[in-house]
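Take the given structure of chain S and dock chain B to it, following the hints.
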Amino acid sequence: MASVSVWQDRLEETALAPVRRTTARFWALVAAEVAVVAWGIYAYTVQLRDGLVVTGMRDRISWGLYIATFVFFIGISHAGTLISAILRVSQARWRTPVTRIAEFITVVALICGASFVIIDLGRPDRVLFVFIYGRWQSPIIWDVLAITTYLTGSIVYLFVPMIPDLALFRDRLAGRTSRWRTWLYRTLAIGWNGNSSQRRSLAAAIGVLMILIMPIAVSVHTVVSWIFAMTLRVPWNSALFGAFFVAGAIFSGIAILIIVMAILRRTYRLHEYVTEKQFLYLGYLLAAFAAIMIYANISELLIHGYKLEEGAEFHLRQLFLNDFAPLFWFYLIGGLFGPIVIALVPATRNTLGVVVAAVLVTIAMWIERYVIVVSGLRVPLMPYTPADYAPTWVEWSILAGGLALFALLITLFTKIFPIIAVWEVAEDHEATVSAIELTPPAVPEMPAPSGGTYS
Amino acid sequence: MPLGQIVPPEQAATPESSPKPWAATIPRRRLLRMLGLGALAVAPMPVLPELLRTAGSGRPLEPVGGPRKPATTRDGRIRQWTMIIDLRSCDGCQSVGGPPRCTAACIQGHLAPEPMEWIEVYEQELAGGGTRFVPTPCQQCQNPPCNNVCPVGATFSTPEGTVLIDQDRCIGCRICMAACPYDRRFFNWGEPPTPPEARLADYSPEHQVPARKGTVMKCDFCPDMVRAGTLPYCVQGCPNDAIYYGDLEEDIATNGKVVVSASRFLSENDAFRQREELGTKPRVYYIAGHGEAVGRDAFSPGRAETEWPWTEIVDGAVTWHR
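Here the protein sequences line up with chains S and B, keeping their order. Heads up: the first sequence begins at 20 in this note's numbering, then just goes up one per residue. Heads up: the second sequence begins at 821 in this note's numbering, then just goes up one per residue.
If we strip away everything but chain S, and leave its shape as in the complex, we get:
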């Protein structure tokens, strides 16, 4: 099995490479991300000083870009759950190289999403009142509970499958790295040495976690939708909303995972492990969820449009013809039909095509959240002229800061933790190799490390 051990060495070196070597370009990227985050923090201090009057929100459209971004971030946090838990349960082998990235996106997206709720508060100094005076009747409390539970669960679910890889880092980097890293890996590896009883414990723990995390994830985006659906607003008055939001969450989660994967694969030369296969399969998933989203939209809009209750006509006009028409049509055509077309046409059915589809979907899903929030509030309740909302520079700056924080945390993570689930990839490889040895004619599918053509 010499070939396997050479292969294993190369895998471990690939996983270790980001930690061993840091280029000037990396620090330039970190500096740029920190600068944008700092700009966002500056904008937030302006908002803290003057109040939410510096935003475009007013009494009649009282939620805007912040709440839309909150829903968007909570949505993309479903990347980790879908890829890790659902694919792990269904034992889809191709997932192993991307699980770690997906799980980390979950944790980071939840942190960013939760901060946007606090940014939206008129009294962030009273945020702890939510715990001190929390009422079970409020959908916001459901959200606080679901999101904190999901965040805790995601951190555990990120950490547990990482233990063997942390032990690998501990062993391979011993004496060749800084003291805090030595300490970090030794602590986090919690004495892992890979014996059979530890492996059994790990398998049992992952088995429990991957089942537990799924209902939590579904509940999270369901209660996020209920913040809207529990009000007496016509566009939000839908029993479908929970399922619609969960589907949208997974949809945008896959998209963001594809984008992050593409960037990391190129930066850290992961082409041997993250191959076109991963992109294509995720692209098919994306197309499948686009179909679910189309179904949900038809169901939602047709029911409102057929009955045309009070406010529904105004709502459909603003979506399709007036204020939100450019955004909404982009969402429908680019975000929902785009990925399906890209997956169907052979010429675009490749890594580049999937990445383009993922970018389209990510933008479209942010737009969808924005349109749901703002258009829902814009339908007049009483005889008054419909209000208008346009985000101000403060809101755009804080949005930029939030996106930069997301990128920054992922950038830093890749420099500290193993970005590939080394032991899982190795296990799969061993399984594949032994299967090949039983059937000699087959040729191992193993592209050269630098053989990727995606650029």
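Read the hints as simulated data drawn from the structure, not as lab findings. Ideal Cβ positions, reconstructed from N, Cα and C, are used throughout, including at glycine. Hints are supplied without guarantee of correctness; some may be wrong.
[Unchecked claim] Not the full set, but computed from the structure, chain B residues with beta-carbon under 8 Å of chain S:
id	residue
1	C970
2	P971
3	A998
4	D1003
Chain B alone, transformed into the frame defined by chain S:
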């Protein structure tokens, strides 16, 4: 293959080949304990608020100043405040000239920040053409959507059936504004202007002075004024005596001129409530009309814009638009 040059081959060992002796002795138990702790960290999250509340201050879910004894009739029944607005007598103050007096009196009395109109006079299209004016305070719902969604109990129903907001509790999440189907909630988007004397005021949810930045405000139904023996500002301000205030429990209502039996007045005049189909059960009743009792023609539209004259006494007052 540049990666191969970083580490000599002899260093490329798998984790199994270099176990730590201390770890090998108690690996499984320690690992299980860590995993168990991780799982346990998830479990208590849903009960955390309750735990914190029990462990924290003993402050009850009551407004600042502690629970107040509800207003009662002489024989001890809790009063149920109500408002009846006779639209036959409301012409949007077209005959008076200037902005609606109910709104103006409310703004002046409560020092409501611009652009808040706690009682707002909407001009509503009539089914057969023309318009009517509908003064709309907080509808004081008995199934209040705003109360249901508040995460911290900052907005609450009193035993007298009114809905109040405690600006010392409000966290400014604005979900109540999304929930209110009557557009009756207002947010202090900026630092609300405060006249010097307002700083001396004894704040309570029934008397929301001085206003606080980053919190929600609305019509408080003036129960403090009624207890003190006067009528709410809007009732006093109406030049046509169109607004009645009263107590459903004692079955009495008055516009300051006449006293009526609330139930008979409502029934005999076919009173209705706004957006009844929503099931919010408002405490504000209307008697249909378009100002005919004070000589208004349904086809004479328009009313004067509301003003906030009191803000002129505050230097550098911050205002915003609706």
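A quick look at each hint next to the structure:
no.	hint	in the structure
1	C970	holds (6 Å)
2	P971	holds (4 Å)
3	A998	holds (5 Å)
4	D1003	holds (5 Å)
Consistency note: the structure conflicts with none of the earlier hints.
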